[in-house]
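Listed below are the residues making up each chain.
4 protein chains.
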Amino acid sequence: MNITLKQAQNAIEAALTKSSELGLKMNIAVVDAGANLTAFTRMDNAWLGSIDIAIKKAKTARFFNMETGELGKLSQPGEALFNIEHSNMGLITFPGGVLIKDSSGEVIGAIGVSGSSVENDQDVATYAANNYK
Amino acid sequence: MNITLKQAQNAIEAALTKSSELGLKMNIAVVDAGANLTAFTRMDNAWLGSIDIAIKKAKTARFFNMETGELGKLSQPGEALFNIEHSNMGLITFPGGVLIKDSSGEVIGAIGVSGSSVENDQDVATYAANNYK
Amino acid sequence: MNITLKQAQNAIEAALTKSSELGLKMNIAVVDAGANLTAFTRMDNAWLGSIDIAIKKAKTARFFNMETGELGKLSQPGEALFNIEHSNMGLITFPGGVLIKDSSGEVIGAIGVSGSSVENDQDVATYAANNYK
Amino acid sequence: MNITLKQAQNAIEAALTKSSELGLKMNIAVVDAGANLTAFTRMDNAWLGSIDIAIKKAKTARFFNMETGELGKLSQPGEALFNIEHSNMGLITFPGGVLIKDSSGEVIGAIGVSGSSVENDQDVATYAANNYK
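Protein chains in written order, with our numbering: chain H, -12 to 120; chain Z, -12 to 120; chain Y, -12 to 120; chain D, -12 to 120.
With the rest of the complex left out, here is chain H:
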């Protein structure tokens, strides 16, 4: 199964709502099960450098079917996947990339959020991934 545009829009809408509540300016990207960009939104005055990071977070999460923050633990110096970020035209491995699953638990896409602290990025992404229906 693949995320629909309607679901992707809902996820972005949820992320926008959460970001506004928290007073944050976010870049938000959704990719589908094929790791291809489905929807993207940049809030007014959000960081320009976070366009690419939001997209890379969403892709990275789907590339390895895990949250970007989990991958980041493994890519530290001395760890098993050190510098995996060099693959796939660049990965982002700190928090803010979260999988989107359907009701059966199957991965149908992923969302990446960038524009604030990694904690805020992760919170907004998680909220959106849980409220896209």
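It is possible that part of the hints are untrue.
Claimed, not checked - As a list, the in silico DSS-like pairs of lysine-lysine whose alpha-carbon atoms are at most 30 Å apart:
#, chain 1, residue 1, chain 2, residue 2
1, Z, 88, D, 12
2, Z, 60, H, -7
3, Z, 88, Z, 12
4, D, 88, D, 12
5, H, 12, Y, 12
6, Y, -7, D, 120
7, Y, 12, D, 60
8, Z, 60, Z, 88
Hint data in this document are derived by calculation from the structure and do not stem from the laboratory.
The hints should help you fit chains Z, Y and D onto chain H, whose structure is shown.
Chains Z, Y and D only, in chain H's frame:
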């Protein structure tokens, strides 16, 4: 002046409406005055290869402040700008990239549409650029 | 607001003056509010590898609206933004990239300096950002 | 011999003067004998897409020690160097890239101009290459 997210969303909404009327599956990208991605939407089952093309069309239009199809006339073999597409990490110079202007005529961004014939791509982009308010 | 060429030239002139005082050979880049290159100058016999670094420092500062050195603290192993440098076609996150603001405090561009120690790079960039009028 | 920063600045100054006389908004790049960027200037509101084109024109001219327009004749379909633009991370082979020579005729650098018609680009580049002392 720079396009706002609200205006970019309206442009994409207009493009979606027009595409649905015509029975088309489009990728739609909006960039701001700095040629940075502001919003993107891919309709269900739209061509995957058109993600990048839609984004490049929007950027190309803003890069040179002209419709992509106009630039394409000049980049043909023997014409003044042959192979200009090799610049800027890749341009797309066939129709479907259109400028977005404010009421005073100032360029505030651009829209790129890809997913059908270049005529349809151009029609949808033009409609959206005229109906984003 | 966007930096003007006149302001960018003044910033580079200030950077050249400061560099000459310190006996340094610098590469100096200025980008506008859209992170697009506005002006660049390489002093005679300055490092060739610093052309790209100066440009990337200026872009990085504007991408995230902070000095490159601040971002670099966050991108160390174990820190929140480890390996963020893989985004945006390559970032530079050590000192030498500084924001340029107008009198109201709005960011209108950024300057990147590379060619000496990071302390000297930072000093020259800061001086220029404070003396571009 | 290599172009000095002073000479590069003079070339850009000449290009700015000529562009202003003609009412044009240009991007102007100068590279040295090693094809490395020495100086760059973008006039206010000049095309964003011409940043990269001006730099590539200057590099292309020096890469092959000929004007870009000359190379462009050879890169047309059926000609000897068809699609040479794919090399060197992208070449630009239409007019506007001109060699800068010292008084003995030795090539010391090149200038690339982009922002108007190729005729205007070429005129400004030629003027600057002849008036950099």
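Name the hints, by number, that the structure is in violation of. 2, 5, 7
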